[in-house]
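Undergrad: What follows is the residue order along each chain.
2 protein chains.
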Amino acid sequence: MKRVKLVLEYDGSNYHGFQIQKNADTVQGRLELAISRLSGEKIAMTCAGRTDAGVHALGQVVAFDSSASIPGERWTMALNAFLPEDIQVLKSHYVKANFNPRFDAQSKRYIYKILRNKNRRAFYRNLALCNSENLDIGLMQEACKYIEGQHSFRAFCASGSSAKTFERTVSNCFLAEKNNWLTMEIEANGFLYNMVRIIMGTLLEVGRGKYSPAYIEEIIRSQDRTLAGPTAPPQGLYLKEVKYNEA
Amino acid sequence: MKRVKLVLEYDGSNYHGFQIQKNADTVQGRLELAISRLSGEKIAMTCAGRTDAGVHALGQVVAFDSSASIPGERWTMALNAFLPEDIQVLKSHYVKANFNPRFDAQSKRYIYKILRNKNRRAFYRNLALCNSENLDIGLMQEACKYIEGQHSFRAFCASGSSAKTFERTVSNCFLAEKNNWLTMEIEANGFLYNMVRIIMGTLLEVGRGKYSPAYIEEIIRSQDRTLAGPTAPPQGLYLKEVKYNEA
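If you're matching them up, the sequences are chains A and B in order. Letter 10 of the first sequence, counting from 1, is numbered 9 in numbering that gives the first Met the number 0, and no numbers are missing. Letter 58 of the second sequence, counting from 1, is numbered 57 in numbering that gives the first Met the number 0, and no numbers are missing.
One or more of the hints may lead you astray.
Identical chains share a label here; the pair holds if one copy fits it or two copies do between them.
Taking lysine-lysine pairs in the BS3-like style, the calculated list, with each CA pair at most 30 angstroms apart, reads [said to hold, decoys possible]:
| id | residue 1 | residue 2 |
| --- | --- | --- |
| 1 | LYS90 | LYS112 |
| 2 | LYS1 | LYS117 |
| 3 | LYS209 | LYS4 |
| 4 | LYS242 | LYS117 |
Just so you know, the hints here were simulated from the structure itself, not pulled from any lab data. No experiment lies behind these values; they were computed from the predicted model shown.
Kindly generate the complete structure, drawing on both the sequences and the hints.
TA: This is how it looks when you write it as structure tokens:
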């Protein structure tokens, strides 16, 4: 029995999120089906971050145990042959038996993509938030700086979270503008439920002039979800990368 | 009764092509349904180029007659409210009563997109040809030059075409490489059935070293479809623009 680590990308548009569910098509469901078709094994899988319905991944990490005699890097091609085209394994190898994609993660990076053009919406409707409002990008960039640091992010956590502590350290949060695209990138040692989408929704309110950038500080201090902006929709969100001390 | 001209973009992934069909979901079917919902009119529509199943448009042009009292440029927003998100009207205005999007077109431009990376396939599977073979791009670019000019393109025309003449003038054909993308752009006064896809399939054979660039001349001269390469798949093809002397 050896532990397999996979790095994968998926277009979340057609799935009810990562986590396996009865009577719903999920990324985990498709992965476990592909593994059972390939190796005949019924495995239990853990992942780095359970993405919600409609959320995408550029570098999700999962791990499971297998006794199949498949060389580590061969799992990539072998599984892709059994996976739908919107879920693709990018890398695979064997890792130590106690590797846990979630608890061993040093940090995770998400991006949130906004298409700022009236054109190309037909193509990006499921892959970005399409928004052509007037936004003050400079103010939004200023607001990002208040997100960085070690804070209680309770105000940016959806209700129903099972988190025991709301303190997280955001090592990096910035917003880049390029052509018609606005991309928010955020890295932290952990994320609360809907945290990136609520931060994005709040930054949009700053861009509209509803909040000043410095008001972010007040929202953080309040620990009050009702002070932060609305939850931005799932289709702009991508789990970009999960970092580990050792691979 | 006034003639409305629409410029539209659509993601063709979920449609059985542009042209209306019984018992199949088509772009024209969706457009005519949206118009009837908006204005109560049952109209007959003509388009600049009938794209096949899975083919996209960045600037398809259609025209139809309406007696609705809607200002020309308002058709855009009004129709978008009734259209699915993967079909979007970009521009609308009234044109002269005898405007014909197909026969009045001076030239049309298509692009064909190839993603040359193993990553991001999950996102572009329906929006580009995903190909990471070793290709000699320089040779393909050289081959493009042989496509340009006034030729009989019979060797690049799928059987079943109703074309009376196979002569077309390609004013421009080039291949650009940028990051992981290869984009072929081609402009002509008209296109035969599957012409762009067969040209692309032939350029790929050149890239693989199967044909020399100069062999394109021979294929053209032969007027023999079996000498040209295979038809490239639909998902990389976009009708980019239709040009008219007067708008």
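Undergrad: Could you check the structure against the hints above and give me the numbers of any it violates, in ascending order?
TA: 3
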